[in-house]
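Student: Work out the full structure, taking the sequences as your base and the hints as a guide.
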Amino acid sequence: MKSNGPARYLIFALRGAQYALDLQDVAEVVEPPPTFPIPCAPGHLVGIMNFHGNLTSVLDLANFQNMGNLTPEGKVLVLDSRLANLALWVDSVISIVSAESLRRESAVDDEMTAELLYNGTDKIRLLALDNLIQKLEATIND
Amino acid sequence: MHIPIGYKFILGFIVVVASVAFVPDGVKHLGYSPEITNILSYAVAMTIGLILGWIFSKSFTKNISLLTAATEDISQGDLTKDIVTRNSVFLDETHDMAVSINRMVGNLRELVKHIRGTSENVSESSRTISSSALEINASSEEVAQAVEQISRGAETQAEMVTKSSKVIHEMAISVDLIARRAREASKAARETSLTAQRGGDLAKDSLTRMKSFFDSVELIGMQFMDLNTKLQQVGKIADFIGEIARQTNLLALNASIEAARAGEYGKGFAVVAEEVRKLADGAGKSAADIIELIAMVKEESRRVHETIADSSRNISAGKKNIDTTAESFREILNTVIETERKTNSIADLSQMQTAGAEKMVSMIDEIAKVAEDNAASTEEVSAATEEQSAAMQEMVHATAELTKLAEALLKIVEQFKIPGGAQLAL
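Just so you know, the sequences run in chain order A and B.
Its first residue numbered 13, the first sequence is counted upward by one per residue in our numbering.
Its first residue numbered 83, the second sequence is counted upward by one per residue in our numbering.
No lab work stands behind these hints, which were simulated from the structure alone.
One or more hints might be untrue.
Partial chain B-side listing against chain A, Cβ under 10 Å, derived [claimed, not checked]:
1) ARG328
2) LEU335
3) SER338
4) GLU356
5) ARG359
6) ASP363
Pair by pair, the computed Cβ-Cβ distance ranges are [as the list claims (entries may be wrong)]:
7) A/ASN153 / B/ALA370: 38 to 46 Å
8) A/LEU95 / B/LEU333: 16 to 24 Å
9) A/ASN78 / B/TYR347: 36 to 44 Å
10) A/ASP142 / B/TYR347: 39 to 47 Å
11) B/LYS318 / A/ASP142: 43 to 51 Å
12) B/LEU375 / A/ARG27: 27 to 35 Å
13) B/ALA399 / A/GLN30: 51 to 59 Å
14) B/MET307 / A/THR151: 55 to 63 Å
Within a straight-line C-alpha distance of at most 35 Å, the following computed DSBU-like cross-link-like pairs (lysine-lysine) qualify [what the hints assert, rightly or not]:
15) A/LYS135 / B/LYS349
16) B/LYS248 / B/LYS441
17) B/LYS499 / B/LYS140
18) B/LYS163 / B/LYS90
19) B/LYS245 / B/LYS380
20) B/LYS451 / B/LYS245
21) B/LYS380 / A/LYS87
22) B/LYS486 / A/LYS87
23) A/LYS87 / B/LYS360
24) B/LYS269 / B/LYS424
25) B/LYS486 / B/LYS163
26) B/LYS401 / B/LYS269
27) B/LYS140 / B/LYS90
28) B/LYS424 / B/LYS286
29) A/LYS87 / B/LYS349
30) A/LYS135 / B/LYS360
31) B/LYS312 / A/LYS87
32) A/LYS135 / B/LYS367
33) A/LYS87 / B/LYS318
No residue lacks a Cβ here, since even glycine has one placed at the ideal position from N, Cα and C.
Tutor: Here it is in structure tokens:
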């Protein structure tokens, strides 16, 4: 369900760096909910949360990116269910910006980054959700 | 019967003459021729005259010979013998002379004995005097040394007394200064007493004001506590507003997400959501500012409260200090009054001491004079002792001379022999 208008991005912070998600890929932003641990799950999977009756896995994105452990007072970004029943635990949500206000740069330096966006001098990494989900599935299957 | 020797000569002459006169008649009876008778008469007369003359002269000169021999013995110093004259019925001047000479010899014996004894005594006494004089001379020298030491001591004493006099003069000046200082101290104590009294009054006034201030501070503290409580309530409200703003922000964010997901249909809603999000942001920031301000105010109020608490404690301590100060002022006042009394007493005593010191100075001056006189007298005594020592030495020489004279006299006297052969050993 893609809109025809210009793209908008949700900018969030993780360990001092700024990341972006396409607003179409985000279902909701919630406060860190009560979670239920998943037995034998890797450390970066915080647990299972109840998101409007759906069981949704909560991923500690900082841990998954090997950037440290989660921030308790952070925010949880629930992804659109068409991608996965997955929520990302991040440090904070910064803002929603229009793609028009950003400068794009296609050259990337890691597989988790789809594009590099620049809001003035701020460097924002557009998260490559497909790669992230594949890598997460790979870690779960391992 | 005493007959003078002249009469004896006359009687002898008469007897000789009578015999010569009666001889011719006797010769005539012999019957010789006149020539023979004359010659015989002359011869017999001359013979009888010679015989009688010899008998008479011998009789007359025997005592004189005895006297001559006795005087010769006396002249030789022999006083051992008495003159024993021939017993005669007719005593004459020779017998008297013998008696007189015997008496003279007896007297000479006594005299010699006396002179001997006296010479011995003089010799012994002169030796004793000589030894005593030597001892006295030695003692005089010791006395002279002692007097010399006394003289030096007297000079030292005079110097020390002079120095003491100077010191006492200075002490008298110091005592006078002490008296002045004591009067000044008394005056200062009076002034201090007045100052302490003023200080005590001020301390009481300060105490009253401090109590009032302390009450005000306590009231301020209570009002501040109340204000702090209200600030806490405001803080809670601001927290609540902040939480609402945060949730509103989250809702606006999610509304924006929903609007974006709604596509064209959600554009208007997205604008509203964006405005709501901005308002929530503004409200959140304002709430955060309020919270920050409240935190700052809380911090400031905490500091002010601590300051007030410290001030209260300090004021409490100050109150105690002022109480103590007031008490101290009272004690100072009492002490100063006592000090004033004592300094007055010191001033009076110093005045008396000054008078006493002046008297002491005059007495010390008198003592100095006496010490100087003593020094002079001891010098005179020293000189007199030296003269005495010299005189003693002269006396020693004189007693030695006297001993020699006594010994010489004894030797001379020993030339006289007396019965018993007593001869004094020198």
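Student: None of the hints should be skipped; say for each whether it holds.
Tutor: Hint-by-hint comparison with the structure:
{"no.": "1", "hint": "ARG328", "in the structure": "holds, 9 Å"}
{"no.": "2", "hint": "LEU335", "in the structure": "holds, 5 Å"}
{"no.": "3", "hint": "SER338", "in the structure": "holds, 5 Å"}
{"no.": "4", "hint": "GLU356", "in the structure": "holds, 8 Å"}
{"no.": "5", "hint": "ARG359", "in the structure": "holds, 8 Å"}
{"no.": "6", "hint": "ASP363", "in the structure": "holds, 9 Å"}
{"no.": "7", "hint": "A/ASN153 / B/ALA370: 38 to 46 Å", "in the structure": "holds, 45 Å"}
{"no.": "8", "hint": "A/LEU95 / B/LEU333: 16 to 24 Å", "in the structure": "holds, 23 Å"}
{"no.": "9", "hint": "A/ASN78 / B/TYR347: 36 to 44 Å", "in the structure": "holds, 41 Å"}
{"no.": "10", "hint": "A/ASP142 / B/TYR347: 39 to 47 Å", "in the structure": "violated, 27 Å"}
{"no.": "11", "hint": "B/LYS318 / A/ASP142: 43 to 51 Å", "in the structure": "holds, 46 Å"}
{"no.": "12", "hint": "B/LEU375 / A/ARG27: 27 to 35 Å", "in the structure": "holds, 31 Å"}
{"no.": "13", "hint": "B/ALA399 / A/GLN30: 51 to 59 Å", "in the structure": "holds, 57 Å"}
{"no.": "14", "hint": "B/MET307 / A/THR151: 55 to 63 Å", "in the structure": "holds, 57 Å"}
{"no.": "15", "hint": "A/LYS135 / B/LYS349", "in the structure": "holds, 28 Å"}
{"no.": "16", "hint": "B/LYS248 / B/LYS441", "in the structure": "holds, 14 Å"}
{"no.": "17", "hint": "B/LYS499 / B/LYS140", "in the structure": "holds, 31 Å"}
{"no.": "18", "hint": "B/LYS163 / B/LYS90", "in the structure": "holds, 28 Å"}
{"no.": "19", "hint": "B/LYS245 / B/LYS380", "in the structure": "violated, 83 Å"}
{"no.": "20", "hint": "B/LYS451 / B/LYS245", "in the structure": "holds, 13 Å"}
{"no.": "21", "hint": "B/LYS380 / A/LYS87", "in the structure": "holds, 29 Å"}
{"no.": "22", "hint": "B/LYS486 / A/LYS87", "in the structure": "violated, 155 Å"}
{"no.": "23", "hint": "A/LYS87 / B/LYS360", "in the structure": "holds, 19 Å"}
{"no.": "24", "hint": "B/LYS269 / B/LYS424", "in the structure": "holds, 12 Å"}
{"no.": "25", "hint": "B/LYS486 / B/LYS163", "in the structure": "holds, 31 Å"}
{"no.": "26", "hint": "B/LYS401 / B/LYS269", "in the structure": "holds, 32 Å"}
{"no.": "27", "hint": "B/LYS140 / B/LYS90", "in the structure": "holds, 12 Å"}
{"no.": "28", "hint": "B/LYS424 / B/LYS286", "in the structure": "holds, 28 Å"}
{"no.": "29", "hint": "A/LYS87 / B/LYS349", "in the structure": "holds, 25 Å"}
{"no.": "30", "hint": "A/LYS135 / B/LYS360", "in the structure": "holds, 23 Å"}
{"no.": "31", "hint": "B/LYS312 / A/LYS87", "in the structure": "holds, 32 Å"}
{"no.": "32", "hint": "A/LYS135 / B/LYS367", "in the structure": "holds, 25 Å"}
{"no.": "33", "hint": "A/LYS87 / B/LYS318", "in the structure": "holds, 23 Å"}
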